[in-house]
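Trainee: Sequence:
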Amino acid sequence: FQRLSRRVGDLKAERLRHTYQTTFWYAFGPPENVVEEVIHTLRPRVTKGWKIAGVEWWLSRMRATDVRVDFHQDRDERLALATGKLVHPVRSSVLFLNRVRGGALAVTRELPCEDNPSLAPDRLEDLTLVAPRPNRLVVFDGTLTHGVLDADNQVPDGKLPGPSRERRTLVMNWWGHRPTDVPRWSETRFYRALAS
Numbered sequence: 395f396q397r398l399s400r401r402v403g404d405l406k407a408e409r410l411r412h413t414y415q416t417t418f419w420y421a422f423g424p425p426e427n428v429v430e431e432v433i434h435t436l437r438p439r440v441t442k443g444w445k446i447a448g449v450e451w452w453l454s455r456m457r458a459t460d461v462r463v464d465f466h467q468d469r470d471e472r473l474a475l476a477t478g479k480l481v482h483p484v485r486s487s488v489l490f491l492n493r494v495r496g497g498a499l500a501v502t503r504e505l506p507c508e509d510n511p512s513l514a515p516d517r518l519e520d521l522t523l524v525a526p527r528p529n530r531l532v533v534f535d536g537t538l539t540h541g542v543l544d545a546d547n548q549v550p551d552g553k554l555p556g557p558s559r560e561r562r563t564l565v566m567n568w569w570g571h572r573p574t575d576v577p578r579w580s581e582t583r584f585y586r587a588l589a590s
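Numbering follows the working numbering, with no gaps: position 142 of the sequence shown is 536.
Check the hints yourself; a few may be wrong.
[To be verified] Distance condition first, Cα-Cα at most 30 Å in a straight line; then the derived DSS-like pairs of lysine-lysine:
no., residue 1, residue 2
1, Lys479, Lys445
2, Lys445, Lys553
3, Lys479, Lys442
Everything labelled a hint here was simulated from the structure, so no lab data went into it.
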């Protein structure tokens, strides 16, 4: 875990503005980087009883004073954009790498609502909140809506004043099949600091 946390820090600002568009596929072969080593270790805990072909993973790095991800359901992004078809992972998971003020993960069965800030669901009373703490793993049904709360643990509605630490997580979607056009890490030139 500490190696992963250090290596993510070594990335500095690489692809920071495109963190949610920089995803990779890992099909449980020999790990090629420190992230895949972590996934390999977590696999028995997460896949128990589920038929999983592999993991789509990415790094979420943001400041809780400037949350740039709306409430959403994980899906095969390229398939959804091309056809409108919604296909979800079997399981979604988040491994927190550090502690920050606010920045809780909020998970709910309610659907996102386009009329609300950050596409927050209309009903917020049934949110499950998980505070960022180092080495905390959260696993949930891949069809559930989720989002990140701001530094005050409120639904984000713009940038907040003041400084905040970068909120760092490893996000992993556990799929029964490979999602459309997601490359393996070794097929890209991104995040070379993660190499094993």
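Trainee: Evaluate each hint against the coordinates.
Mentor: Outcome of the hint check:
A C-alpha spacing of about 22 Å is found between Lys479 and Lys445, which places the hinted pair at or below 30 Å, so the restraint holds. In summary, the hint linking Lys445 to Lys553 is not supported, as the alpha carbons are separated by about 41 Å, beyond the 30 Å threshold. A distance of roughly 28 Å separates the Cα atoms of Lys479 and Lys442; the hinted pair therefore holds under the 30 Å criterion.
The structure fails to meet hint 2 from the earlier list, while all remaining hints are met.
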